[in-house]
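Listed below, chain by chain, are the residues.
There are 2 protein chains.
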Amino acid sequence: MATTTRKYNYSRQREVIYRLLAGTTAHPTAEWLHLQARRELPQLSLGTVYRNLQILAEQGRVRELQFGADQTRYDAMMEPHHHFICTGCGSMTDVFLQRDLPLDRLGGIPDGAAVESMHLELFGKCSACFG
Amino acid sequence: MATTTRKYNYSRQREVIYRLLAGTTAHPTAEWLHLQARRELPQLSLGTVYRNLQILAEQGRVRELQFGADQTRYDAMMEPHHHFICTGCGSMTDVFLQRDLPLDRLGGIPDGAAVESMHLELFGKCSACFG
DNA sequence: TTATTTGCAAATAATTTGCTCTCGT
DNA sequence: ACGAGAGCAAATTATTTGCAAATAA
Numbered sequence: 001m002a003t004t005t006r007k008y009n010y011s012r013q014r015e016v017i018y019r020l021l022a023g024t025t026a027h028p029t030a031e032w033l034h035l036q037a038r039r040e041l042p043q044l045s046l047g048t049v050y051r052n053l054q055i056l057a058e059q060g061r062v063r064e065l066q067f068g069a070d071q072t073r074y075d076a077m078m079e080p081h082h083h084f085i086c087t088g089c090g091s092m093t094d095v096f097l098q099r100d101l102p103l104d105r106l107g108g109i110p111d112g113a114a115v116e117s118m119h120l121e122l123f124g125k126c127s128a129c130f131g
Numbered sequence: 001m002a003t004t005t006r007k008y009n010y011s012r013q014r015e016v017i018y019r020l021l022a023g024t025t026a027h028p029t030a031e032w033l034h035l036q037a038r039r040e041l042p043q044l045s046l047g048t049v050y051r052n053l054q055i056l057a058e059q060g061r062v063r064e065l066q067f068g069a070d071q072t073r074y075d076a077m078m079e080p081h082h083h084f085i086c087t088g089c090g091s092m093t094d095v096f097l098q099r100d101l102p103l104d105r106l107g108g109i110p111d112g113a114a115v116e117s118m119h120l121e122l123f124g125k126c127s128a129c130f131g
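Chains as they are written, first to last, in the working numbering: chain V, 1 to 131; chain Y, 1 to 131.
By construction, these hints were calculated from the structure, which means they are not laboratory data. Note that the structure is a prediction, hence the values are computed from the model and not measured. Here a beta-carbon is modelled for each residue, glycine too, at the ideal position from N, C-alpha and C. Heads up, some of the hints might be wrong.
[Unchecked claim] Covered stretches of chain Y, as calculated for chain V (at least 3 residues, CB under 8 Å):
no., stretch
1, 11–23
2, 57–67
[To be verified] Per label pair, the in silico range of CB-to-CB distance:
no., chain 1, residue 1, chain 2, residue 2, range
3, V, E31, Y, E58, 25 to 31 Å
4, Y, A22, V, R6, 41 to 47 Å
5, Y, A114, V, Q98, 16 to 22 Å
Given only the sequences and the hints, what does the whole structure look like? Please build it.
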């Protein structure tokens, strides 16, 4: 398979986007990043934001997150971790496992399949949305 | 909050869609369901499929699934369960936990937050894609 | 100077919606 | 009869892409 490698030049836009993403725990969308980044780079286009988020993901500096929402969210926290998602306001909070999940307690993993990573989604109400 | 209730009439289209979904473990997309259902209901439109999948979800008969893909997938298996997702071919397999996950091993759940449900995503290669 | 990146605008693709008509009760 | 559901096409929305000009190496 042609895992065509690729060369990455420096780009100010990309670093601004990355810095913003690394500086928040809010798991923002491309649109939010665009809005923020424009305070520094008023010409920055949304297309460029998307392109750079893709590149950052290829570089392993950023993770794309999906959950029942319409927009992809991004995360610069690359330590393995999981998420608590508030079903009230949609906010995502990082959750860390103190020990690995016991894979032996899982049934139904297809024969011969190799699990490479896992992501736990916890749904509920955050304190602001419930108490 | 206005959880506006709603009345549901019987609809042949809806039941065909549900039956197809309940009859497969493949976690199909709206498009696949549309294609299949049209063998029985040649006039069925894709919009109707989407509308009915939404209603079925409201009724708690169907679950919407998202994972890094572009298309939403649907699942009529409503027992709590989790998923193994092949990063090669994108197939999803149901995974059942033999015991509940030990929530006490999780760190970082925001104070005062109430976890209501969880979904574990396991990523890896299925036997066809790796061996 | 050569490949990469940008900004802009136009193109995609999945999903939703408006409208009129038909069906379920 | 009356509201719920269908079909169709047009509209939305997030994301991607083509292209000419700008930038990095």
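*If you look at each residue in the stretch 57–67 of chain Y, do at least three have a Cβ nearer than 8 Å to any Cβ of chain V?*
Three-residue rule met by the stretch 57–67 of chain Y, so holds; n is 3.
_Please check whether A22/Y and R6/V have a Cβ separation lying inside 41 to 47 Å._
44 Å, holds
_Using a Cβ cutoff of 8 Å, are there at least 3 residues of the stretch 11–23 of chain Y near chain V, or does the coverage claim fail?_
violated (count 0)
*Take a look at whether the Cβ-Cβ distance between E31/V and E58/Y falls inside 25 to 31 Å.*
28 Å, holds
*Status of the given 16 to 22 Å range, CB of Q98/V versus CB of A114/Y*: 20 Å, holds
Hint 1 alone, counting from the list given before, is not met by this structure.
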